[in-house]
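Given only the sequences and the hints, what does the whole structure look like? Please build it.
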Amino acid sequence: MSSPPAPVAFAAQLALLSLISFGGIPSVLPDIHSLVVVTKGWATDREFADFYAIAQAMPGLPMILMMSLIGWKVGGLAGALASAVATCGPSSAVAFVASRLGNRFRDAPWQRIVRRGLVPVTVGIVIASGYVLARAADNGWQAAAITGAAAGLILGTRINPLWILIAAGAIGGLGLI
Amino acid sequence: MMDTLNSRADVTLGALFLEFAKIGLCGIGSMLAWAHRVIVDERHWMGEAEFAETLSLCQFLPGPENANISIYVGAKFRGPVGALVALLGLTAAPLAVGLVLGTLYLRYPHPAVIQKVLGGISAAAAGLLIATGIKMLMPHRRRAAALFFAALAFAGIIFAKLPLLTVLVGLVPLSIALAGVMSLRAE
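Residue numbers (this note's numbering), protein chains in the order written: chain A, 16 to 192; chain B, 13 to 199.
Please keep in mind that the hints were generated in silico from the structure rather than gathered at the bench.
Some hints here could point you the wrong way.
Listed below are several chain A residues computed to face chain B (Cβ distance under 7 Å; list not exhaustive) [what the hints assert, rightly or not]:
(1) 38
(2) 42
(3) 78
(4) 179
Computed from a predicted structure; not experimentally measured.
For every residue, glycine included, the Cβ atom is placed at its ideal position computed from N, Cα and C.
Below you can see the structure in the form of structure tokens.
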């Protein structure tokens, strides 16, 4: 055995990429694609795109599910679990250390300035992400109306968002979008 | 500003696990909206400002931002064990659901109606995420510099179609520098 079995190799690569995925796993998605599809041929382009689409539509963290689906293809249930751990394990260790360090310097004046500078950019990105999601889901004015109504209900009422999602799913299922 | 809103005794490992499992299971399309609802609105585990600051850091750090948020919240109240429990709550149940449904979806033909239901849910999920962003912006609505950088970040992603990391690396230093200058002026 000159090289490790495929599930181990995939999980090991994922663990490394997890550590450098600044800004989130999608920032290393091109590397994962080239490893899985181009270099190793563990999945086809079509499968890779399907895994991505399914992961977006399911509950939970999309990138963890996507990597687990690839891991499943590569090495069954054990491959799926190893991939899930590799995707968020190393980065979570970094986050834990960062939270400890941040706490220690919590009240330093420079930290307050850093936070004041960080937050607006973050908020712009959050709203942009919502806009991208709306555009991806868009099927005309009906979908845009649902997006607007959902945002309005969240801002203006105390309704549980689950009801909004259920109602929107029903409207979609009835073919009204 | 950084006060712990709940005493530590209130935040049990069980509560961390269950609340993060709820965030994970409900968060189709946009988990962040649910994280904000549970952590800020329902449980008061963080205030609006602390949540926004934590999210900023978690966006910057490697890994999925919601996983990083669970680490921060778990660690804040219960140390390393709390971080692990919150992360497991967030990931374990949704992963089981996702693997089962995902495998079924790939293996068997599915009626077109599923696609339509998902389309409706995505449209609403987009609305939840936009509303969450607006809520986070409200405490800063009187700071012109904050509104300016929020708009610039939005434009960078939507109109200039820049990658997330480019927007962060490009704008954050400028935004921090301006915040620094303004706080010096204020003194």
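Here is what the structure says about each hint:
| no. | hint | in the structure |
| --- | --- | --- |
| 1 | 38 | 4 Å, holds |
| 2 | 42 | 5 Å, holds |
| 3 | 78 | 6 Å, holds |
| 4 | 179 | 5 Å, holds |
Violated hints for the displayed structure: none, as all numbered hints are satisfied.
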